[in-house]
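Visitor: Just need the whole structure built from these sequences, with the hints factored in.
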Amino acid sequence: MISLQQDPQGFIRMKRHFPSSVSIAIEFTDGTREIFTGTVLNGIYDEALAAYRAGNHLDAKGFKRGPSKKQQQGIEFVQVSPGMGQPLPSP
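Under my numbering, think of the first position of the sequence shown as 12, with each following residue one higher.
Bear in mind the hints are in silico, worked out from the structure with no lab data behind them.
Mixed in with the good hints there might be a few duds.
Label pairs and their calculated CB-CB ranges [to be verified]: (1) 14 to 54: 13 to 21 Å; (2) 62 to 41: 20 to 28 Å; (3) 33 to 93: 18 to 26 Å; (4) 72 to 98: 17 to 25 Å; (5) 62 to 94: 14 to 22 Å; (6) 42 to 70: 38 to 46 Å; (7) 71 to 43: 13 to 21 Å; (8) 97 to 21: 13 to 21 Å.
Where a beta carbon is used, it is the ideal one built from N, C-alpha and C, also for glycine.
Guide: Have a look at this one:
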């Protein structure tokens with residue numbers, strides 16, 4: 012199991028997809044903890060990446076089809092909130 016912690020702005024660090032079968036425990040800033048599957052977090056990551064690319068006028072592969080200029084191609088942080096995963100049982 013992978014453990015992540017939400018930052019004060021509501022994001023977790025996620026630079027790439029996690030394996031689909033792995034369980035990820037996220038501790039939120041309000042003290043709650045939830046378990047996510049890799050598949051669920053990968054879907055959240057894909058949605059955030061698509062929104063980033065649309066907002067920056069990039070195509071589906073992350074390339075700008077305009078004048079050549081250095082452009083960040085991906086994202087590193089994904090916004091999550093309590094209620095998106097399964098509650099972690101209390102010890």
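Visitor: Run the structure past the numbered hints and jot down the numbers of the failing ones, going up.
Guide: Of the numbered hints given earlier, those the structure breaks are 4 and 7, listed in rising order.
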